Amino acid sequence: MPEMGIEEDVFETPEKPEKDEPTLNLENKSQKVIMQVENLSKTYFQGKIPVHALRCACITVRKGELLAIMGPSGSGKSTLLALIGTLEKATDGNIILDGTDLTSVPEKLLPRVRREKIGFIFQHYNLIPTLSALENVELSMRFSRVPKKEREERAKALLEELGLGDRLSHKPSELSGGEQQRVSIARALANKPAVILADEPTGEVDSKTRDSIVRVFKELSEKGQTILVVTHDPEVAKECSRVLRIKDGTIKDY
Amino acid sequence: MFDLIIRNIMNRKVRSALTVCGIALGIFAVIVMGAMSENFHQTFERSMSVTSDKIRVFSESGVFGGGLTEDKVSDVLRVAGVKDAYGLLMTTFDEDKMGMTGKQILGVPPEKSSVALYPVDLKAGRFLNPGDSYSVVVGSNIQREYKLQIGSKFEIHDKYFTVAGILDYTGSIFDNAVIIPLETAQDLYDVGNSVSYIFAVPDERIDAEVLSKRIELSVKGTSTLSPGELEVQARQSFMIFSVITISSGLLAAIIGGLCVMNTMLMSVAERTREFGILKAIGAETRDILLLTLGEASFMGLFGGILGILVGSIAVYIMNAWLANTRIVLFLITPRLLVIAMLFALLIGALSGLYPAYRASKMSPMEALKHA
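Residue numbers (our numbering), protein chains in the order written: chain A, 1 to 254; chain B, 1001 to 1371.
Bear in mind the hints are in silico, worked out from the structure with no lab data behind them.
Predicted, not measured: the structure shown is a model, and the values here were computed from it.
Among the hints, a few may not be true.
[Unchecked claim] Residues from chain A that keep clear of chain B, each with C-beta distances beyond 12 Å, as calculated:
hint, residue
1, Lys32
2, Thr60
3, Lys89
4, Arg114
5, Lys117
6, Glu135
7, Gly165
8, Val205
9, Ala237
[Claimed, not checked] To give an idea of the interface, some chain A residues facing chain B are shown, with a C-beta separation under 8 Å as derived from the structure:
hint, residue
10, Val51
11, Gly64
12, Leu81
13, Ser207
The beta-carbon is built from N, C-alpha and C at its ideal position, and this holds for glycine as well.
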């Protein structure tokens, strides 16, 4: 995991919990629990009407887990991912990721959290169309001010590992859906994040490509990479180490 | 980031090129108008430096009002503190062109020609001497235009004059001057013993401003223009001229700036999702600002370089074309180039500010939802 090096007061380790709350004891058991979500809620307002997208979600995720989040459309899966990914602010609750309470990180420090603790994989790949596969993977390292040579080497190694060694200079439009998704997996891995958040990563690919993506996730998980996958696909969920079900903003089966 | 900025510009070639052309057109106008102003400024400064030691005495009704005769010269000379005084007759050389070429006939008492023209020096020949009647001293532009040499015949108002002297180049009004004896000028233009104005040279011990007022009070029917007043008057005219020329150039450049703003706003709107991705993968606000502001500034830079290049070529061509008529209208100075370049950069950066602000303030989630 890269050194955060951000102000101590912001990224401080939470107070040591009581003995009967082992999941919060991150300092000593960081190898086991990487993320703790406590009573996380998100309420939107449509005009004056409150919409509870997520209600009091509590999740404990261990390092190296491949966790599937399932549920019908509009159930709150993506909201949960957006909150963990600090793309949205929670109405209530806490998210403790790799010893940092994300809900108390000041707005201006959130980009650094996203860079160094979180990797995103999107359904539509969301690669920058004007950049090559290699440059897309390099991009997040640029924002981390990783030296050019180092980031090139790391991006190349990741793409080669994901079987895209011969596609380094290809633009997204020159790659298949599966290849684009693998580029986005490499991009998510570039800064060695604490957790990868994948929002319907197999939603746009055929079953063969889906299986290869799931295989990559499993391999990464086995190597200790924590991955949260939002999916509708039971075949994907079946391959995950654990499945979390959400309905109407509430975690139903945990 | 530099490579990303350049790539973003290059990825929208036509739009970027049109925007750069917009800025270039504005900077072209700044260069052309500025060059005109710079030329005027240089002529003005040099003219001031070669005539700043003398008080001009006019008829009360002004320089074109007439009524000032040589008799007044002795009245001016009698005023305490006046070291020397002499009348001059000034008229346009090429009446058919309404004086637009700037060439002037200057009737000067021959014995005063060297002091009247001081500190302008001779490139060749001599100043006018007492007894000269159809001798002429010409400015450097006149000499070049008519290819004159010492001893050449030069036709003025249907009479032939012999070139006695050629003045050094000064960058002032004297470069376009044709200096002939005062009496000959008065005969030639049939104005009796009238003069356009009288040059009064102050004694070293007396303040020119004080003496100017003293002359006005002592010599009836005259008004004066001291060196200080002349400078103020000339500077005001220069300022007005500069404001008109420069502001028309600046206006064009501002329109170019609006071009950049429009392009950048379109670009930011089109790339909303891209900014969302960048933010999701950890781009800081300053990274987004740098990307968008950098693009706008680079377009300003390219537009500036292109505008300066095309403007300088245009000025060169126009000066070459006008060389035949001896009207020098444009002068490109290092100062003008620096101002034009800085202005192009400023316009680019300022125009990029608002689009950059919008891009940097986008919510990553909202931006990612953008189609």
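Each hint, compared with the structure:
| no. | hint | result |
| --- | --- | --- |
| 1 | Lys32 | holds (27 Å) |
| 2 | Thr60 | holds (25 Å) |
| 3 | Lys89 | violated (10 Å) |
| 4 | Arg114 | violated (4 Å) |
| 5 | Lys117 | violated (10 Å) |
| 6 | Glu135 | violated (9 Å) |
| 7 | Gly165 | holds (22 Å) |
| 8 | Val205 | holds (19 Å) |
| 9 | Ala237 | holds (24 Å) |
| 10 | Val51 | violated (15 Å) |
| 11 | Gly64 | violated (23 Å) |
| 12 | Leu81 | violated (10 Å) |
| 13 | Ser207 | violated (26 Å) |
Checked against the numbered hints given earlier, the structure breaks hints 3, 4, 5, 6, 10, 11, 12, 13 and satisfies all the rest.
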